[in-house]
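J.: Sequence:
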Amino acid sequence: MNRIQINAKPDETAAKLLDNTKKSLGMVPNLFSTMAHSSAALEFHLVGSGALQKTKLSGALREQIAVSTAGFDGCDYCASAHTALGEMRKVTKEELTLNLAGKASDAKVQAALTFGRKVLETRGHVADKDLGDIRAAGYSEAEIVEIIAVTVDNIFTNYLNSVAQTTIDFPVVKTNYQT
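In the working numbering, the protein residues as written are 4 to 182.
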């Protein structure tokens with residue numbers, strides 16, 4: 004059960020955002036209904052994550068980064084949601100299970116996940132070697148910035164879900180996070 008309840012009576016702005024989400028996704032995830040207590044926070048997330056759809060990174064890689072970030076942060080809700088979204092982007096369940104642990108079968112994807120994990124582990128204070136490694140894997144400066152953006156965008160939802168203990172409304176994926 005959510006520790007921050009789903010907002011049954013969102014304000015007009017949040018209600019419109021939720022309606023657009025339902026039209027786009029066919030459902031309103033519990034995360035968004037919980038976030039709707041603040042139309043500003045909901046809009047912040049929807050606009051930001053919407054902008055990230057325009058990155059040079061593939062949709063599959065964005066979902067793999069999201070799954071890896073959820074694994075690092077121990078967010079079962081985001082692990083569940085982004086595993087479902089990753090499968091929609093044709094990433095295999097086996098690959099997404101690897102991604103949850105920050106691993107990948109493809110070397111270039113592995114480089115992105117490793118860099119994203121370094122950003123998380125160091126809270127952005129990555130070493131020159133980390134930047135050298137991601138560049139050596141073939142990522143441009145724009146793609147490096149986008150990996151950081153996707154990682155950080157997911158921190159917000161991971162933390163909100165962890166605080167709220169949002170009820171998972173996707174097939175459940177456990178991160179096995181230990182507090």
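What the hints contain is simulated information worked out from the structure, not anything from laboratory work.
Any given hint might turn out to be false.
Lysine to any residue pairs mimicking SDA-like chemistry, simulated, CA-CA at most 20 Å apart [stated by the list, open to error]:
#1 K59 - K12
#2 K19 - G51
#3 K12 - N23
#4 K93 - G62
#5 K59 - A145
#6 K26 - T16
#7 K25 - R6
#8 K57 - I151
#9 K121 - A104
#10 K19 - M4
#11 K59 - K111
#12 K59 - K25
#13 K93 - G77
#14 K57 - T24
#15 K12 - L55
#16 K121 - K93
#17 K57 - S41
#18 K93 - D76
Pair ranges (Cβ atoms, derived) [said to hold, decoys possible]:
#19 A54 - E15: 33 to 41 Å
#20 N179 - I7: 32 to 40 Å
#21 G53 - K12: 22 to 30 Å
#22 E15 - K132: 31 to 39 Å
#23 G62 - P174: 13 to 21 Å
#24 N5 - G51: 39 to 47 Å
#25 V175 - H128: 20 to 28 Å
Remember, predicted model here, so these are calculated numbers, not experimental data.
Built from N, CA and C at the ideal position, the CB exists for glycine as well.
J.: Now, for every hint given, state plainly whether the structure supports it.
T.: Evaluated hints:
1. K59 - K12: violated, 37 Å
2. K19 - G51: holds, 17 Å
3. K12 - N23: With a Cα-Cα distance of about 16 Å, the restraint between K12 and N23 holds, given a limit of 20 Å.
4. K93 - G62: Measuring from Cα to Cα gives roughly 10 Å; hence the hint holds.
5. K59 - A145: holds, 8 Å
6. K26 - T16: holds, 16 Å
7. K25 - R6: The hint is violated at about 23 Å.
8. K57 - I151: holds, 14 Å
9. K121 - A104: Holds: K121 and A104 sit about 13 Å apart, inside 20 Å.
10. K19 - M4: violated, 25 Å
11. K59 - K111: holds, 14 Å
12. K59 - K25: Answer violated: K59 to K25 is near 26 Å, above 20 Å.
13. K93 - G77: Not OK: K93 and G77 at ~24 Å, beyond 20 Å, violated.
14. K57 - T24: Holds - the C-alpha atoms of T24 and K57 are around 18 Å apart, at most 20 Å.
15. K12 - L55: violated, 29 Å
16. K121 - K93: violated, 26 Å
17. K57 - S41: Judged against 20 Å, a Cα distance of about 25 Å means the pair is violated.
18. K93 - D76: violated, 24 Å
19. A54 - E15: 33 to 41 Å: At 23 Å between Cβs, range violated.
20. N179 - I7: 32 to 40 Å: At 24 Å between Cβs, range violated.
21. G53 - K12: 22 to 30 Å: With a Cβ separation near 25 Å, G53 and K12 satisfy 22 to 30 Å, so the hint holds.
22. E15 - K132: 31 to 39 Å: violated, 50 Å
23. G62 - P174: 13 to 21 Å: holds, 19 Å
24. N5 - G51: 39 to 47 Å: violated, 22 Å
25. V175 - H128: 20 to 28 Å: violated, 34 Å
When held up to the earlier numbered hints, the structure conflicts with 1, 7, 10, 12, 13, 15, 16, 17, 18, 19, 20, 22, 24, 25 and fits the remainder.
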